[in-house]
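Undergrad: Here are the chains, one letter per residue:
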Amino acid sequence: MKTFFSELFKKANSGFWPIFITLGLLIAGTISVYQNPRSLSAFLTLMLCPLLVYFMKINMKVKVFIGLLLIVVILPVLGIRNIFYLEVIFQMAVFAALALGLNIVIGMAGLLDLGYVAFYAVGAYTWAIFGSKQLSLLHSIPGAAPAGAEFALSPNYFWLFLFLGVGLAALAGILLGLPVLRLRGDYLAIVTLGFGEVIRVLALNLDKPINLTNGPQGITPIQRPPLPPEFILAPIRSLLTPIVGHVPTDAEFYNVFFYFLALIVIMIAILVATRLEDSRIGRAWTAIREDETAAIAMGIPLVKMKLAAFAAGASFAGGMGVLYAANRTFVSPETFSFLQSIGVLTMVILGGLGSIPGVIFGASAVVILNIQVLQNFSLYLSELRQSDAVIPIINFAWKDLSNQLDPAKYQKLVFGIILVVMMIFRPSGLIPAERRKRELVEDKE
Amino acid sequence: MKQFTSNPFYKFIIFPIGQILVFALGASLVLSLFTVLLAYIFRSAMTEFDLVERVLLILPQVVINGLTIGFVYSTIALGYTMVYGVLEFINFSHSEIFMVGGIVGVELMAYFDHTGALQTMNQYVIIALAILLGMVISGSLAVTVERVAYKPLRGAPRLVPLISAIGMSFFLQDAVRLILSLTTGEFNVILPNFGTFDEFLILAVPGIATPLRFQIKSILLVGVTVLMLVGLNYLVNGTKIGKAIRAVAQDRPSASLMGINVNMIISITFLIGGALGGAAGVLFALKATKLDPFVGFFPGLKAFTAAVLGGIGNLTGALLGGLILGLLESFSASYLSTFTNGAFGAEYKDIFAFAVLILVLILRPSGLLGQTVGQKA
Amino acid sequence: MNKRLLALLSVLVLASMVLAACGTPAPVATEAPVVTEAPVATEAPVSMGTIKIATQSPLSGGQSLLGVAIKQGAELALEQLGGDLAAMGYDVQLAPYDDQATPDVGVANAKNIVADSEILCGVGHLNSGVMIPSSEEYHTAGLAFISPANTNPVVTTRGYLEVNRIVGRDDVQAPAAEEYAFSTLGAKSVFIIHDKTAYGQGVAEFFRVAAEEDGITVVDFVGTEETANFDAIIAPLVASTPDVVFFAGIYNQAGVFFKQAREAGFEGTFLGTDGMDSSDLADLAGDALTTGGGMAYTTVAGPASAYPSAAQFVEDYTAKYGAAPEAYASQGYDAMGVCLASIKAAAEAAGGTPTRAQVAEAIRAISYEGLTSTIAFDDIGDLPFAKYFIIKVNATSKDTWGTNEIIASFDLPSPGK
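Chains as they are written, first to last, in the numbering used here: chain A, 1165 to 1609; chain B, 17 to 393; chain C, 728 to 1144.
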């Protein structure tokens, strides 16, 4: 049996087979998602493609081409056909960027940050406060919206605030870093956890003495940057109409627009992360991660390097926060909970600490699990519960299944199991960091 | 005199109780004086009411509240600090051990309520049974968690077991919720009404306008925790097992060479810490009257802060840290609104602990009483 | 990820795709959430296609009791009132979604809902904090939603055509509560506490404004996320001896607070909001609700007994689900009724399956005889007049929750935008 599989595998990954299989899956996946826009299994099939592209022995240029085709053309088009996929791929992009940022802090510099979502909140609230009517509501009761409140800034300022959000989050990272840098690993984890909670509680409570964050009511509406001008959109619209079966609306274009923005942030994150990894700073981080004392002895400026890691990691979260606020047109403190921080941590751990393809894979997997697989499973169970179906052998009627057995509600359980199991059985993640892989491959060859 | 101090009765009963008393009274006194002083300073700034009078009015109650919750924090903090002392690792899931203890205790009382035994049995027997069951379940759960999620990771880099512990904490929260939801349909557990615990012992003190009101369950809570602290002190400092624990904490390889079964001792440490956490959970449930699977998170974090405040790894430190933190929290939550005239209020209570934590770590990373820890931390 | 495994997996998937392509495109098991079958019409009309009506409310977790009531009320309405559309040839189905009382989940579900072109109308949510961001999605997609429970004014004051509600508003509810405290209870001082949610804080702020206008002393205004130990808030509360404690929040937090405050010696009256309308409150607070000044709450959804035409509904509901309807079940029923009637009107006007925009227009034009009242909407989607109740709690345990009495009910006009 085993030899059969390994033979099969060898065959599948040599000669023209890889490209044939990959393209075949890509086409089959695209067609099936196109045919069944609401089918989960079709979407999962399509999402297997990037993994194949990554693993199969294919010419690098072809790999890049297939990857770009999928990410830039196929996914957005299918997304316009079913707007829910736009939400899925947007969330995947957002969390991939967050995970890449956290990866710099944990994976490269070895500093466990349990309050990472705080920086995301800093970015989101930066644009939320200035990109909404909040500035003219500073002295009114939270929740009340007196007439005559105006947007403080034109939506074009979004671009400026994208950079401001990055800068402010980096600043917050440095401010957090300064007092806690003397601490080692586990203390630092708890302090960052506390910091995350502090930011959330501040967002929740800074509706008095002056109403800066509108408290638990959250800030809405928040402006979006204007779409590209009509002469660009019009041809795209007429091109897409026959493919997706309806005239794409501005709302759908906005979703695509934010998806591409998130992709750009990811590209920058990947670029920065790869450049950093092989730079002086990256090597310094590795040294700090492996042995702090030795790193000091080697003359590495510990404080500067740690601050750089905090700032670099935080800045991605800040940028994504601004994007998120504009995409949702709504922010409230509930989004920035501890659960969210652990969610991002789970993505990094699942994919592989320090591994860029790993954390992107981890983010995608956890997002799909969270908003698609678990949700669908819940709905399926509720369907069974309402039917007359019975499990044959044990004679258990689905009707009697408790209402509370609802997988979508047990995110924490899933995160917890992933964290523990990964730590025990595969601490380097599903797609381990390049450095280790390089060593392994060299050994084999 | 020397003979007297080495007398076990003095060493294991009088001295620890005296120590607790000094800590509790001292911390209360210092904080009270400080607050009253502040009130005098800002008295003229408040025109609408007399700040000093308002502060003094509720001062006794605030102190009592602070000490009550402080003892809960102390008891949980002991679990953190013992494990840290032995393994140098933050047992993040300890807050869930605490929660499980509380829920088990309440479920036992609910069961008694169901069978009708609740009204016929002696109320203190019921509480004792609930605490015992909470201790047993929490203790064994702590040992199981250690075996499953931490033991395979011994010797791995520091962050690895910590991440595993965080995962375990999340897992336990939702697992308990799942079990509760499946069996009872919802995940809030409510303490049944029984006995005279809600009543008050009213003590009129000459010179103070409002009489002091001690709720019986607060007295019970403080009494039981003090008892456990004294017991723990004896266990750690007066028995062979305690000696072994201290040896492992000091130098694990050498302890192993001396014939100490290190794995066994680590399990015992988790057992003791877990049992204390479980007992604290039941006592906390008595006070809170309703628990849910997420109730452990904040008390757990605060207890950890208390352990750091006192000097992690140091048992006396955990006691002192818990008391100080409980008092600080009670004072800040009750007075912040009064002092800032409503601009800030009790809603900042939960982040107050973190502010303390950060300050301690900056100013005195080894904690108030920690000396030996310096090289470990 | 094991390379070998991966390659194998993809080969398998590929093979299955080829096989599937040969056969008929079978519906995938976990496809769309379709639960209730449409009532079978006696005659077999020409099939006009499928129409779905979505519900979104918390079906799991702490507030599921109320969320499930909304869904089940809607489900029952579809069963009983869906006949007209079925006679026109439509297969009408319910698509229930679980927003988990969380804004992010609500928005993600909203995108899922608007992506399903067969959904023409929706019923939801329970929490204003979820409704407000989710309705931005409904608004951009032009999908009409009818809220059976959201009382935050912002829900409708944004003036979206697609957002309607069939209950009252917090900026009326809170002044009504204050009026009760001021006139009936004769309160001179009040301690206001809220749960730091969009809902609780909203009501509390309106209450404060009204109290200050009437000259009631607001002793303190506190928000707290605490769920277990309220000592630190109760100490100053008891010392300041207010006549009334106004708690704006949900029962599972308030119950514990009431109990602890009573134990600590508070003798005045507790006043609550519609979030207290659950029998679990009595289990949590016990006799703290009836001792001292007692406890009363305002609500926009009276018990089913408050609506004369709801007797049959209560009977049917109890027969179908095995328990008496909780609060908002009859509102869920009515919201679904409005959806069905509007779709029917729009379909008749359009002479075929209506568009979402036509349904949204039809909702605004409708006058519908519901269980709770005659439902018609003003230009922002509010009822011109909504019902508000003040209910005094007589229950000390879950079983006696039915003994609570309505001590006042008002029909008050909507304040508009």
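A couple of the hints might just be wrong.
[Unchecked claim] Simulated crosslink set (BS3-like; lysine-lysine; CA at most 27 Å straight-line):
hint	chain 1	residue 1	chain 2	residue 2
1	B	LYS256	B	LYS27
2	A	LYS1175	A	LYS1227
3	A	LYS1175	A	LYS1225
4	A	LYS1563	C	LYS1119
5	C	LYS1144	C	LYS1114
6	C	LYS915	C	LYS1119
7	A	LYS1372	C	LYS1047
8	C	LYS1119	A	LYS1372
9	B	LYS27	B	LYS167
10	C	LYS1125	C	LYS1114
11	B	LYS259	B	LYS167
12	A	LYS1221	A	LYS1297
13	C	LYS1125	A	LYS1563
14	A	LYS1175	A	LYS1221
15	C	LYS1144	C	LYS1047
16	C	LYS1144	A	LYS1297
17	A	LYS1174	A	LYS1225
18	A	LYS1174	A	LYS1227
19	C	LYS1125	B	LYS233
20	C	LYS779	C	LYS1125
21	C	LYS1114	A	LYS1563
[To be verified] To be clear about the criterion: a stretch of chain C counts as covered by chain A if any three or more of its residues have a C-beta under 8 Å from a C-beta of chain A, and this derived list gives those stretches:
hint	segment
22	927–938
23	1131–1143
[As the list claims (entries may be wrong)] Incomplete in silico selection of chain B near chain C, CB under 8 Å:
hint	residue
24	ASP66
25	GLY211
26	ASP267
27	SER270
For the record, the hints were derived by calculation from the structure and aren't laboratory data.
Just so you know, even glycine gets a beta-carbon here, dropped at the ideal spot from N, CA and C.
Undergrad: Next step is simple, just say for each hint if it's right about the structure.
TA: Hint check:
no., hint, verdict
1, LYS256/B - LYS27/B, "holds, 16 Å"
2, LYS1175/A - LYS1227/A, "holds, 19 Å"
3, LYS1175/A - LYS1225/A, "holds, 22 Å"
4, LYS1563/A - LYS1119/C, "violated, 37 Å"
5, LYS1144/C - LYS1114/C, "holds, 18 Å"
6, LYS915/C - LYS1119/C, "holds, 20 Å"
7, LYS1372/A - LYS1047/C, "violated, 48 Å"
8, LYS1119/C - LYS1372/A, "violated, 33 Å"
9, LYS27/B - LYS167/B, "violated, 35 Å"
10, LYS1125/C - LYS1114/C, "holds, 26 Å"
11, LYS259/B - LYS167/B, "holds, 22 Å"
12, LYS1221/A - LYS1297/A, "violated, 54 Å"
13, LYS1125/C - LYS1563/A, "holds, 25 Å"
14, LYS1175/A - LYS1221/A, "holds, 11 Å"
15, LYS1144/C - LYS1047/C, "violated, 40 Å"
16, LYS1144/C - LYS1297/A, "holds, 17 Å"
17, LYS1174/A - LYS1225/A, "holds, 22 Å"
18, LYS1174/A - LYS1227/A, "holds, 19 Å"
19, LYS1125/C - LYS233/B, "holds, 25 Å"
20, LYS779/C - LYS1125/C, "violated, 36 Å"
21, LYS1114/C - LYS1563/A, "violated, 37 Å"
22, 927–938, "holds (count 5)"
23, 1131–1143, "violated (count 0)"
24, ASP66, "violated, 13 Å"
25, GLY211, "violated, 13 Å"
26, ASP267, "violated, 40 Å"
27, SER270, "violated, 43 Å"
Comparing the model with each earlier hint shows violations of hints 4, 7, 8, 9, 12, 15, 20, 21, 23, 24, 25, 26 and 27; every other hint is respected.
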